[in-house]
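Asker: Produce the entire structure from the sequences given, and follow the hints as far as they go.
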Amino acid sequence: MTLQYFLRKLSQAILIVWGVSTIVFIAVRLSGDPVALMVSDTAGAEQVQALRRAYGFDRSIPEQYLAFLERVARGDFGESLRFNLPALSVALDRLPATLVLAASSMAVAVLIGFPAGILAAIRRNTWLDRVAMMLALLGQSTPTFWSGLLAILLFAAWWRILPASGGETWRHLILPACTLGWFSAAKASRVLRSAVMEVLSADFVRTARAKGVPQSAVFLKHVLRNALISVTAMLTLEFQLLLGGAIITETVFAYPGMGRLVIQAVGTRDYPLVQAVVFLFSFLLVLSNFLVDLLYPLMDPRITRER
Amino acid sequence: MSADAHSPTMRNRFWTPGPLIALAVLAIASLWAVAPSLLTGANPVRTRLMENFQPIAGLPGGSLAHPLGTDGLGRDLFARIVYGARPSLLVGSISVVLAGLLGVGVGLLAGYFGRLWDLILMGIADIQLGFPFLLMAITLAAIIGPGLHTAVIALVLTGWVPYARLARAELLTMREQQFVQAAQAAGGSPIRIMLRHILPNLLPTLIVVATFSFAQMIIMESALSFLGLGVQPPRPSWGSMLSDARNYLTTAWWIGVFPGIAIVATVLSVNVIGERLREVLDPRFRSA
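Chains as they are written, first to last, in the numbering used here: chain A, 7 to 313; chain B, 20 to 307.
If a hint is listed, it holds; no wrong ones were tucked in.
Distance windows between CB atoms, simulated:
{"id": "1", "chain 1": "A", "residue 1": "Gly273", "chain 2": "B", "residue 2": "Ile280", "range": "19 to 29 Å"}
{"id": "2", "chain 1": "A", "residue 1": "Asn90", "chain 2": "B", "residue 2": "Arg134", "range": "48 to 58 Å"}
{"id": "3", "chain 1": "B", "residue 1": "Gly207", "chain 2": "A", "residue 2": "Asp306", "range": "33 to 43 Å"}
{"id": "4", "chain 1": "A", "residue 1": "Ser200", "chain 2": "B", "residue 2": "Ala202", "range": "27 to 37 Å"}
{"id": "5", "chain 1": "A", "residue 1": "Ser46", "chain 2": "B", "residue 2": "Arg67", "range": "34 to 44 Å"}
{"id": "6", "chain 1": "B", "residue 1": "Leu42", "chain 2": "A", "residue 2": "Asn131", "range": "23 to 33 Å"}
{"id": "7", "chain 1": "B", "residue 1": "Ala54", "chain 2": "A", "residue 2": "Leu72", "range": "49 to 59 Å"}
{"id": "8", "chain 1": "B", "residue 1": "Gly77", "chain 2": "A", "residue 2": "Leu168", "range": "27 to 37 Å"}
{"id": "9", "chain 1": "A", "residue 1": "Leu301", "chain 2": "B", "residue 2": "Arg194", "range": "33 to 43 Å"}
{"id": "10", "chain 1": "A", "residue 1": "Leu168", "chain 2": "B", "residue 2": "Arg134", "range": "48 to 58 Å"}
{"id": "11", "chain 1": "B", "residue 1": "Glu70", "chain 2": "A", "residue 2": "Arg59", "range": "54 to 64 Å"}
{"id": "12", "chain 1": "B", "residue 1": "Ile143", "chain 2": "A", "residue 2": "Thr8", "range": "18 to 28 Å"}
Derived contacts from chain B toward chain A, CB cut-off under 7 Å, selection only:
{"id": "13", "residue": "Asp145"}
{"id": "14", "residue": "Ala242"}
{"id": "15", "residue": "Trp272"}
{"id": "16", "residue": "Gly279"}
In short, the hints are calculated from the structure, not lab data. The beta carbon of each residue, even a glycine, is placed where N, CA and C say it ideally should be.
Answerer: See the structure below:
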């Protein structure tokens, strides 16, 4: 990996964080009085004035913009109105739960989606392929908040084998992780199927077969390894979608993560907390993207040399 | 490419059974969205506490007056599902059209006028990556409040990027082709070349992308309403009905089942039609 490549990806990541900050700044300014978003409805006029001065809202827009960027860089999003604590630390408290959920959903997606996709590609145009792809289409058309409700209905309300809500033990994780993972498994199987099919028809696979390399070796060494790159790209995207999906899934299962926190914060008009969680999510997305960009050259050295 | 699935006879027969059923489902859903009062006599917001939690017709306690039962406030579930079609389809179709127009416009501009526009567009598209739909919707809901307008704005602001990328990429390849160069040599203005020569060639791929994104947008609208950031009660929507149902799953399963079936049937139908359109329209699926 060249230094140039590293720096390019790093500057890209910084650009994204800056861009997101700017969008949030513009949105807040367009909405009218930003201080109104930062205090509770019962705040007195004096308190509002004090906050306006403290945050510099009496200064010019460019000055405010710089002050805003500086606060974002320091991770200072103000105090949560509901918890009376720094908003970022409230958000960080819930981060591990969300990461655990996203990671276990990812595991579910890989465990179901990969074998399904590979099988469908090898047995292309058989009934197995058709059933797998029909299930995938159905999975992609089913919103997680509904499959989650059905899961609660079956496993918690009727059969009573798993808890419906909460997040205290690993048993609380099963239903949310399967609900979220099932949705991604559908996408994973489709991507893997087409990636494997594409590599299967490549010249080097035909060559390997022609010179008598055993089927299993052709598959493991040539096909899967080359399909891995497009699959990794998909997995990053999937992880990012999972983080978004976590917001919905956590709400369905009353799972104590950042997603549920931010929805409650919108409901209680706790704007500083909303902002902190949104930035934290956004930062995670950018970070995961950056890390995978660094992984690519290890899998395929040609990538560093592209634009 | 296998020959059998793409032979001329198959390609010419667009309406295989799957897409036909899908089209029928969508026709019903659209009818519900356009004229719900023609299809159900019941009032979707009228509460009758004496009749709450009635199960579906045929089960003990159910009656034909409420074929799909009633919810916790005694509102007719079937009527709410019929009326709930409107926000989903309305938000989905408005957003898909606006996002498509915005995206194609930006993409063509970036592709045609070169480097500076290109840099700006790709920068914005990158930023989108760090600020996806739900984050945008949550931020907007916190600032301007929840509602259908929030859903549409968030969907358009986050949905235009694929169209822009597509339009730009296609334009860059087409610009080198003879029919475009001929039009340029004949003195056609950039606007005219884009509208008369490039856009028509772009259209098939655009239609396919738009169909799939329409399906996604229906899911996203109902997700927002489920989270309480979209359609506000008492107005019925499929997403908010499911959010209601969370509280009654042990006592009244039907509230949590039927609105979900409506969403899945609609989204699946759009996806099935999208798959078929892709097979017919997308050049990569046409075998030479």
